[in-house]
Amino acid sequence: MSLHRIRLLMWKEFLQLRRDPLLIRLLFLMPILQLILFGYVVAADVKNLPTAVVDLDRTSTSRALDASFGASDYFVVTQRPAETELQRLMDTGQISIAIVIPEGTQAALDRGETAPIGVIVDGSDSQVASVGSGYASQIIARFNADRMAAQGVSVAAPGIDARVRVMFNPTLASVNTMIPGLVAAIVMISIMAVMGQAVVKERERGTLEQMFVTPIKPVEYLIGKVTPYAIAAVVQLLVVALVGIFWFGVPFAGQISVVVVGLVLFMLTSIGLGLLISLVSHTRQQAQQLMMLLLLPSFVLSGFIFPIDSMPAAIQPLSWFIPLTWAIQILRGAFIKGSGFEALSTQFWVLALFAVVIFGAAIVATRRRLTE
Amino acid sequence: MSSLSRIGAVVAKEFIHLVRDRRTLAVVLAMPVLQMLLFAYAISFDVKNVSTVIIDTDHTPASQAYVRSYQSSDFFTVVGTAGDLSAVDRVFDHNQARIAVVVPSGFGRTLADGGQATVAVYLDGSEPTAARVGQAFSTALNQVYGQRVTIEWADTQGLDVTGFGQLEPRVRTWYNPEKRSSDFLIPGLMVVIIMVVALQQTAVSLVREREQGTDEQLAISPMRRWEMMVGKVTPWTLLAFLDLAVITVVGIVFFHLPLRGSTLVLALGAALFVFCSLGLGLVISAVAPSLESANMLGLLLSMLPAFILSGFAFPLASIPVALQVVSCLFPARFMVTIARGVFLKGAGFGELWPELAALGGYAVIALGIAVVLYGRRRR
Amino acid sequence: MSATSAPAIEAAGLSRRFGDVQAVDGVDLSIAKGAVFGLLGPDGAGKSTLIRMLATVLNPDAGEAVVQGFSVTRQPGKVTPLIGYMSQKFSLYPDLTVAENIDFFAKLRGVPKDVRHTRMHQLLQGMGLDEFVDRQAGRLSGGMKQKLFLASTLMHSPDVLLLDEPTTGVDPVSRREFWRILAGLHRQGTTVLVATPYMDEAERCTDVAFIDSGRIRHRGSPEQIKALVPGRLFEVRAADPRAALAALHTLAATHALRGLLAVHLYGDIVRVLIETDDAGSITSALEAAGIGADVQPSAVDMETAFAFLAELATTP
Numbered sequence: 001m002s003l004h005r006i007r008l009l010m011w012k013e014f015l016q017l018r019r020d021p022l023l024i025r026l027l028f029l030m031p032i033l034q035l036i037l038f039g040y041v042v043a044a045d046v047k048n049l050p051t052a053v054v055d056l057d058r059t060s061t062s063r064a065l066d067a068s069f070g071a072s073d074y075f076v077v078t079q080r081p082a083e084t085e086l087q088r089l090m091d092t093g094q095i096s097i098a099i100v101i102p103e104g105t106q107a108a109l110d111r112g113e114t115a116p117i118g119v120i121v122d123g124s125d126s127q128v129a130s131v132g133s134g135y136a137s138q139i140i141a142r143f144n145a146d147r148m149a150a151q152g153v154s155v156a157a158p159g160i161d162a163r164v165r166v167m168f169n170p171t172l173a174s175v176n177t178m179i180p181g182l183v184a185a186i187v188m189i190s191i192m193a194v195m196g197q198a199v200v201k202e203r204e205r206g207t208l209e210q211m212f213v214t215p216i217k218p219v220e221y222l223i224g225k226v227t228p229y230a231i232a233a234v235v236q237l238l239v240v241a242l243v244g245i246f247w248f249g250v251p252f253a254g255q256i257s258v259v260v261v262g263l264v265l266f267m268l269t270s271i272g273l274g275l276l277i278s279l280v281s282h283t284r285q286q287a288q289q290l291m292m293l294l295l296l297p298s299f300v301l302s303g304f305i306f307p308i309d310s311m312p313a314a315i316q317p318l319s320w321f322i323p324l325t326w327a328i329q330i331l332r333g334a335f336i337k338g339s340g341f342e343a344l345s346t347q348f349w350v351l352a353l354f355a356v357v358i359f360g361a362a363i364v365a366t367r368r369r370l371t372e
Numbered sequence: 001m002s003s004l005s006r007i008g009a010v011v012a013k014e015f016i017h018l019v020r021d022r023r024t025l026a027v028v029l030a031m032p033v034l035q036m037l038l039f040a041y042a043i044s045f046d047v048k049n050v051s052t053v054i055i056d057t058d059h060t061p062a063s064q065a066y067v068r069s070y071q072s073s074d075f076f077t078v079v080g081t082a083g084d085l086s087a088v089d090r091v092f093d094h095n096q097a098r099i100a101v102v103v104p105s106g107f108g109r110t111l112a113d114g115g116q117a118t119v120a121v122y123l124d125g126s127e128p129t130a131a132r133v134g135q136a137f138s139t140a141l142n143q144v145y146g147q148r149v150t151i152e153w154a155d156t157q158g159l160d161v162t163g164f165g166q167l168e169p170r171v172r173t174w175y176n177p178e179k180r181s182s183d184f185l186i187p188g189l190m191v192v193i194i195m196v197v198a199l200q201q202t203a204v205s206l207v208r209e210r211e212q213g214t215d216e217q218l219a220i221s222p223m224r225r226w227e228m229m230v231g232k233v234t235p236w237t238l239l240a241f242l243d244l245a246v247i248t249v250v251g252i253v254f255f256h257l258p259l260r261g262s263t264l265v266l267a268l269g270a271a272l273f274v275f276c277s278l279g280l281g282l283v284i285s286a287v288a289p290s291l292e293s294a295n296m297l298g299l300l301l302s303m304l305p306a307f308i309l310s311g312f313a314f315p316l317a318s319i320p321v322a323l324q325v326v327s328c329l330f331p332a333r334f335m336v337t338i339a340r341g342v343f344l345k346g347a348g349f350g351e352l353w354p355e356l357a358a359l360g361g362y363a364v365i366a367l368g369i370a371v372v373l374y375g376r377r378r379r
Numbered sequence: 001m002s003a004t005s006a007p008a009i010e011a012a013g014l015s016r017r018f019g020d021v022q023a024v025d026g027v028d029l030s031i032a033k034g035a036v037f038g039l040l041g042p043d044g045a046g047k048s049t050l051i052r053m054l055a056t057v058l059n060p061d062a063g064e065a066v067v068q069g070f071s072v073t074r075q076p077g078k079v080t081p082l083i084g085y086m087s088q089k090f091s092l093y094p095d096l097t098v099a100e101n102i103d104f105f106a107k108l109r110g111v112p113k114d115v116r117h118t119r120m121h122q123l124l125q126g127m128g129l130d131e132f133v134d135r136q137a138g139r140l141s142g143g144m145k146q147k148l149f150l151a152s153t154l155m156h157s158p159d160v161l162l163l164d165e166p167t168t169g170v171d172p173v174s175r176r177e178f179w180r181i182l183a184g185l186h187r188q189g190t191t192v193l194v195a196t197p198y199m200d201e202a203e204r205c206t207d208v209a210f211i212d213s214g215r216i217r218h219r220g221s222p223e224q225i226k227a228l229v230p231g232r233l234f235e236v237r238a239a240d241p242r243a244a245l246a247a248l249h250t251l252a253a254t255h256a257l258r259g260l261l262a263v264h265l266y267g268d269i270v271r272v273l274i275e276t277d278d279a280g281s282i283t284s285a286l287e288a289a290g291i292g293a294d295v296q297p298s299a300v301d302m303e304t305a306f307a308f309l310a311e312l313a314t315t316p
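Chains as they are written, first to last, in our numbering: chain A, 1 to 372; chain B, 1 to 379; chain C, 1 to 316.
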C-alpha cells in the first residue's frame, strides 16, 4: 500500500471539491441548518397553546381556575368567547384548546359534588390533543389540591404519596434526545450523499478507466476517495455536538470513547452504503434516487424523530435493520444516560456486524469493479 | 401560437426523457406509494403500552393490589418484576423498560395505620414523549388509587366524604375523536413525499442541459426562458399530481383517512403545490454550478423543510417566530394546512382561500425567480 | 459574391478574456456572403471563443460583430434565426432518437410541420442517416453524430453556418462526406465559417485565416496564403531520413547549402524550403555529405504554409 498514492488521490478529491464552491458551502451550511431546524422546531416542546376560556359560571372559583390556566406556560388564553363561537375558532385554527366552565360549578363544589369541566382539544394535531389534554388535567388536579388545602381539609387519611421522578433528562427537553440523534444522522446524510455521487461521477466521466491503467490498488483508491469526505463529516458532527452542548445545553454524561467507537463503526456503514449505491448506479441521477430511497426510511423508522415505541409491534423489527437506529441509541445513551460499553453492548455488537458486512461488501464490489 | 408550440415541444421532449429512463420512472411512480404505505403505518406519536418494571419490596396483599392496578391498565405494559432498587439503574441502562415503579417495604403497614404510603415512580427521560405521557398517566393512576383508598377508609370509619368537592375534567377531542395521530400525520406525509419527489426532478433538469451542452442550442433558438421552464415543469406536474391522487386513495382506503371537506379545493391546492415545488427545483437548477450541488441543495431544500418546517409533524405554533416566518418560504407549509383542513376539518374554499392564494403567488414568483437567475448565469 | 454586397460576417476589435487568459485579442474579420471560411490554428488559439461570440452564445468584452447585418451584442434575437451553430462538443440529447432530436429543435425554430417532415428526410437521406432515424443519438458513431448535428442545424435553412471543429475525431470517409455536404451548401449560397485543425480541409475553403494566441496572423485565399511562403518546396527521400535531416541542418549551418529557409521531417520525407529552383544543388550537397537521396520539387500546401508561417512567428 502506497501512502504516496493515497495522498495523491486525496489531493485530487480535494482539488475537485474546491472547484465547486456551492458544494463546499453546503457541506458546512448543512449542520448549522439542521441544528436550527432540529434544535428549535423538532425539539420544540408543546407550550403556548392558544386557548379559549368560556366561563359560564362567573364565580370567584371559576375566575381562579381561569387565572391558573393563564398563569401556566403551556397555555396562552387568547380569547374569552361565547360557547357558540368555539367551533369557528377551532375550525380556523385560532385556538387549539378550549376550557368550558359550566354554570353552577362553584355551587356544585360547595355541595361536595363533582363538577365537570369541559376540555376541548383540537384533535387534528395529535401533540396538542394528547399533551395538551394531559396538561389541562394536571392544572385542574392542582387546582383541586390547592382548594382542598385552602379549605383546611387536612389529608389525615391514608393515601398514596407518589413521587414521580424523571431520570436522565429531568426537564424532558426534546432537544437532549434530538441533538445526539442529529449527530449520527448528519454523519449518514453527509457521507452517503457525497460518496454516492463520487464514484459514479468518475464512471460517467470515464476517469475511472484512466485509473485502472495506473498502478493504483482498489484499497488505495477507496481510502483516498473516502478520507476527505470522512473528514468533512467529522467536522460537521463536531460542530453539531459542540453547538448542542454549549448552546442548547445538551448534557454529556458519558465517555468520549463510547461516542468515538460508535461513530467510527457507523461511519464505516455509511461509507459502505454510499459506495454500494455508487457502484450499482450508472448515472448520478440514479445514485441520487437510490440514496433518497435509503435515506427517508432511515429518517423515519430509526427512532430519530418518531419513537420506535409508538410504532406498531409488527413494524418495529424493521428499525433493527437500519444502522442509524443503533447509532442513535448509542449516542443517546452516551449523552443522556452516561451509558458505557457494557450497557450498550448489544448496540455495539449489532453496529459492528453491520459495519463488517456492509463495508466488506462494498470493498469486494469495488475491487471487482476496478479489476473488471 | 408559436409560444404554445414551443412549450409543447419541450413538454414532449421531457416526456420522452422520462419514459426512456426506466429507473427514474419506476422510482417516481412507485416510491411515493411504497413510502406512504410504510411510513403511515410506522410513524406515530401515540404512546401506548409503555414498558414498565415493578419492584415490589413489600409483598403484602395491599402492595399486590396496587401492582395489579398497573397490570390492568391499558397504558402500562408490565414487562417484568425485580427484587431491589439497584435494578432500576440496570433496567434503564439496558433499555429494558421505560418506567420503574418501586413499592417500598412497609407499604401495606403504612396504609393500614392510616398514613401516606410513598411510592416511587421512575421515568426514563431519554424518551421524552413517552416520559411526558407516562408522567401524566402515573400521576393520574396514583391519584385515582389514592382517592379510592381514602374513600374506602372513610367508609369503614363512617365518615361523610361528600364534603370534598372536586373538579373533574371531561376531555372532548374534536375532528379526531379516536385521537389517532395517523389522521394527523398522514395528510402531512403526503405533502412531504410529493415535495421530495417533485423538487428533486427539476433541481437537476437545467443543470443536465448545461452539462450536455444542449443549453447553448436552446439559447440560440427563438425559445424564451419562461417558455422552457413552463415546458419543463408541466410533465412533472402531471406526474406528481397523479402520484398525489394515488396516495390519497391509499390513505383513504388503507388508513381510513376521512375526507370531510372539499375535494375540489384539495385538487386545486395539490396542483398549485406541485407546480410550486417544481418551480423551487428550477430555482435550484438555475444557480447550482454542478449536478452534485444541485442534488445536495435539492435534498436540503426539499426534505428538511418539508419534514420539519411544514407543520407536518411538529406544530408551528410552538416554535420561535423567526422560524415560523421562514416556514412561509416553503410551499409545503401551506399545502399541509390545506390537506389537513380538507381531510379532517371539513374545510372548503371559504376557510382555505388564503393558503390557495399563497400557493398561487408562490408559483408565479418561483418561476419568475428561476427565469431571472437562469438568464443571469449564462455567458 | 459581388464585391459590393455586404459581408455576411463582420467583426471589429472582438476581444474576450477568461480569468487572466486573453482568449481572443482584438480580432477583425470580414467574411463575404457565400464564402467557405476556414479558421485555422493550434489548440487554445481562440477559435472556439471567437465562433461562440459570433453565435451570440458568449458575450465579447470589447469590440463588435455584425452577422447578416445584425449586431450580435445588441440584436442577438435577430441574429439567431439566421444562423446555425455546431459546437465542438456534441450538443444533442443522447437519449432522444435521431428523428426526435431533429424534430424538437426544428419545432423550436418554428419550422412548419409539413416542411419539417420532408426536409428532415431529405437531409438525412443526403447524409446516409435515413435508416437510423429511430436510433438514440447517444448510440451513433462519432461520424454519424456529427452529421446528425449538422442536419439539425440545417432544418431552418440558415444563411450562415458556424461550425466549430465539426470533423474532429471523425473517420476519413465520414469527413469526406461531410465536406461534400458543405460543398453542396456552398453552391446554394450558404456562408460557412468552419474552425478546423485539418490542413487538407483548409485547402477546400475559399478563404482562410490563421489565428494564434487570440490574434489573426494571416488571412486570404489559400493561394494567397501559400504565396506568402517564399522559396521553393522540395521533398527529399533518403534511406535514413533522420541522417538526411541532420545533414541538411549541418549543411545550412556551415553555409555549404545556401538559401535554406526551413527543413522539416514529415513522416519519412524531409521537406526542404529553399530559395533556389535547382533540385540538383540539394542532391549534390547531400551526396557530398555521404547521403544518397532523391530530391523532387513539390507544391506548397497548407500544411507547409502553416508550419512555416508559425515557425516564422516564433523565430526572431
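I should point out that these hints are in silico values taken from the structure, not numbers from a laboratory.
Do not rely on the hints blindly, as some may be mistaken.
What the hints assert, rightly or not - Taking CB as the label site, the calculated pair distances span:
1) B:Gly368 - C:Lys113: 28 to 38 Å
2) A:Arg25 - B:Gly360: 54 to 64 Å
3) A:Ala67 - B:Thr81: 55 to 65 Å
4) A:Ala145 - B:Leu85: 40 to 50 Å
5) A:Trp247 - B:Asp84: 38 to 48 Å
6) A:Leu15 - B:Leu37: 37 to 47 Å
7) C:Lys113 - A:Lys12: 44 to 54 Å
8) A:Ile36 - C:Lys113: 33 to 43 Å
9) B:Asp84 - A:Ala145: 52 to 62 Å
10) C:Arg237 - A:Leu15: 24 to 34 Å
11) B:Ala357 - C:Gly128: 35 to 45 Å
12) C:Gly184 - B:Pro222: 18 to 28 Å
13) B:Ala357 - A:Ile36: 23 to 33 Å
14) C:Asp134 - A:Pro312: 16 to 26 Å
A virtual CB, placed ideally from N, CA and C, is assigned to each residue, including glycine.
So, going through the hints one by one against the coordinates:
1. B:Gly368 - C:Lys113: 28 to 38 Å: Taking Cβ atoms as reference, Gly368 (chain B) and Lys113 (chain C) lie about 32 Å apart, which means the hint holds.
2. A:Arg25 - B:Gly360: 54 to 64 Å: violated (32 Å)
3. A:Ala67 - B:Thr81: 55 to 65 Å: violated (44 Å)
4. A:Ala145 - B:Leu85: 40 to 50 Å: Distance hint for Ala145 (chain A), Leu85 (chain B) is violated at roughly 28 Å.
5. A:Trp247 - B:Asp84: 38 to 48 Å: Taking Cβ atoms as reference, Trp247 (chain A) and Asp84 (chain B) lie about 40 Å apart, which means the hint holds.
6. A:Leu15 - B:Leu37: 37 to 47 Å: holds (45 Å)
7. C:Lys113 - A:Lys12: 44 to 54 Å: Check passed, 51 Å falls within 44 to 54 Å.
8. A:Ile36 - C:Lys113: 33 to 43 Å: Given range 33 to 43 Å: violated, Cβ gap about 54 Å.
9. B:Asp84 - A:Ala145: 52 to 62 Å: Hint violated: Cβ distance 32 Å, outside 52 to 62 Å.
10. C:Arg237 - A:Leu15: 24 to 34 Å: violated (50 Å)
11. B:Ala357 - C:Gly128: 35 to 45 Å: At roughly 58 Å between Cβ atoms, Gly128 (chain C) and Ala357 (chain B) fall outside 35 to 45 Å, so the hint is violated.
12. C:Gly184 - B:Pro222: 18 to 28 Å: holds (26 Å)
13. B:Ala357 - A:Ile36: 23 to 33 Å: Given range 23 to 33 Å: holds, Cβ gap about 28 Å.
14. C:Asp134 - A:Pro312: 16 to 26 Å: At 51 Å between Cβs, range violated.
In terms of the numbered hints stated before, the structure departs from hints 2, 3, 4, 8, 9, 10, 11, 14, listed from lowest to highest.
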